[in-house]
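Colleague: For reference, the chains in residue letters:
2 protein chains.
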Amino acid sequence: MTTKFDVAGIGNAIVDVLAFAPDATISGHGLTKGAMMLVDEMRSRELYELMGQTTACSGGSVANSLAGLASLGAKTAFIGKVRADQLGQIFTHDMHAVGTSFTTQPLEIGPATASCLIYVTPDAQRTMATYIGACSHVSETDIDEDIIAASAITYIEGYLWDMDTAKAAIRKAIRVAHDAKQRIAFTLSDTFCVDRHRAEFIELIANEVDILFANESEIKSLFQTDHLQTALTRAQGMCANNQCDIVAVTRGEKGSIVLTDGSMEELPTEAVQNVVDTTGAGDLYAAGFLFGMSRGWKLAACAQLGNRCAGEIITQLGARSMKPLHTLVA
Amino acid sequence: MTTKFDVAGIGNAIVDVLAFAPDATISGHGLTKGAMMLVDEMRSRELYELMGQTTACSGGSVANSLAGLASLGAKTAFIGKVRADQLGQIFTHDMHAVGTSFTTQPLEIGPATASCLIYVTPDAQRTMATYIGACSHVSETDIDEDIIAASAITYIEGYLWDMDTAKAAIRKAIRVAHDAKQRIAFTLSDTFCVDRHRAEFIELIANEVDILFANESEIKSLFQTDHLQTALTRAQGMCANNQCDIVAVTRGEKGSIVLTDGSMEELPTEAVQNVVDTTGAGDLYAAGFLFGMSRGWKLAACAQLGNRCAGEIITQLGARSMKPLHTLVA
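Here the protein sequences line up with chains A and B, keeping their order.
Quick note on the working numbering: the first sequence kicks off at 30 and runs consecutively.
Quick note on the working numbering: the second sequence kicks off at 30 and runs consecutively.
Just chain A, same shape as in the assembly:
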């Protein structure tokens, strides 16, 4: 069978609503700086009413990566759940606008399309409050087996573990992908998400994941250590035990580290002027990295493109590049 897609992605289909805010807002609203907190519809409305002037952009972690991959020139397909409402139309448009296939049936009734309130503090860090809405309805029936089997890599976000129906969907997708001799990539998503699902994540990485993405905090949380080196050693141990092929750890302005069985490469990144908003930095790193993999590049080159894509998105507000990314492919 011909591989039809470079990367399929399964993730939350979210529209981000961004506003600049002082640090006091984060603590004042009971949010944790830099983290993603799940909120119910009522709390989301309360928080939104208190927010300053906003801008709305499509979001969702894996969805952002897929949009980035498509903009780089990869063939991509996204699976995620919106409702057939105005935000759902915006999300769907923005996937199609970059050429990503997105055919998951939207909800006709039920909760609204997910929205994520994103507070961007003066240090350009982002803090998120997500109302998961229609995303909670993604299920096994949404997993298009033909798409998964036809994708060289299927990329999955840890955030999905917050919903029980999604877990069954993910298990199905993994089974289909591996039956078709394809690979699974996974992102740990968020430190607190790791905290909620640590045992399952470790089991998943050991048995199913081929390519793992994490930032420093997440990989430390996974292995419950305060020391990055300890976490990296543990991660590399998983590679050595054939539990995972590649672990890519992002480190903000320090670039990234790529681990495999027997190798550890540090890839520094160029300093970025005019950092506006770090939303999507990790997502776009994964986009660049997976694009390189789809082209058969060496891992160092994959990581370098990841660094460049992350460096680009943080000069903009929101996690979807308003300008095509293919110019970054040197």
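Keep in mind the hints are simulated off the structure, nothing from the lab.
Keep in mind it's a predicted model, so treat the numbers as computed, not measured.
Mixed in with the good hints there might be a few duds.
Identical copies go unnamed one by one, so any copy, or any two together, can satisfy a pair.
As the list claims (entries may be wrong) - Simulated crosslink set (SDA-like; lysine to any residue; CA at most 20 Å straight-line):
(1) 352 x 76
(2) 62 x 207
(3) 352 x 307
(4) 283 x 54
(5) 33 x 51
(6) 352 x 305
(7) 196 x 208
(8) 352 x 72
The hints should help you fit chain B onto chain A, whose structure is shown.
Modeller: Below, chain B alone, put in the same frame as chain A:
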């Protein structure tokens, strides 16, 4: 009666959907570069489907000015029509977020909240296709007489002339404002809008408008001349005949010109680095100018703040400043 609001505004309540696009897109879609074209719902959908990655921000010409005024520190109230849908919620939120009073009853059924597709070309110029939606339902009953009577200035956009019910609403607002010894400000909005309503606009300016805003193209279109000097002379003639007190003409990077009976002041503006998107430049000029008037400043100072506000908004995508503007009030 105490003046409760510095400025009330009546205008289209629109959510802007912005994307970068090459010049070829503008001509390819039958749009006119730099202009606003009205499109029906079906055409709006067709155009949206062809658009690249988008960002959504609240918009609407007078609404942008009111948001700017509020951000500068003025007391403002907006009258305009949304539907009670997700875009309507976004528009309403963004007015309230900057502290603008906005109490117009939203439509419960009928056309959706208005949206404006904005194409930003590489020269940062914007070209617009507007689906007017719920705005077409604004009517006399939406004009809150207490608000208009309590506002030192009522600001009205020329775009409203594209809807018959809105005209009656405007006439009522003007009557209420003048009965309360308050002033009327008006913007010509768009060259083609002037073309559609020239005779009515001239009559309106001659009999009702105290403060007129226009850009070079619009003022030339109003007086059907290719020569700016001719248009300025004609405009100043209207001031001399007591038909209008103040005419402020914006000139992009050349700043602005302010005319009154017997005076013509040219106010150059500082060069702006990193111009991203000129959407809202005229609207934010009006915001700065009217803020100065609300504080009793000399007209030159009003125009200078207008220039500064316009210079600020063109460094951002969209017409609503994501950062407070009050720091521009020196």
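Colleague: Indicate, hint by hint, whether the structure satisfies it.
Modeller: Tested hints:
no.	hint	result
1	352 x 76	between (30 Å within a copy, 19 Å between copies)
2	62 x 207	neither (37 Å within a copy, 51 Å between copies)
3	352 x 307	both (17 Å within a copy, 17 Å between copies)
4	283 x 54	neither (28 Å within a copy, 40 Å between copies)
5	33 x 51	neither (46 Å within a copy, 30 Å between copies)
6	352 x 305	both (16 Å within a copy, 12 Å between copies)
7	196 x 208	within (18 Å within a copy, 66 Å between copies)
8	352 x 72	neither (34 Å within a copy, 25 Å between copies)
The structure shown violates the earlier hints numbered 2, 4, 5, 8.
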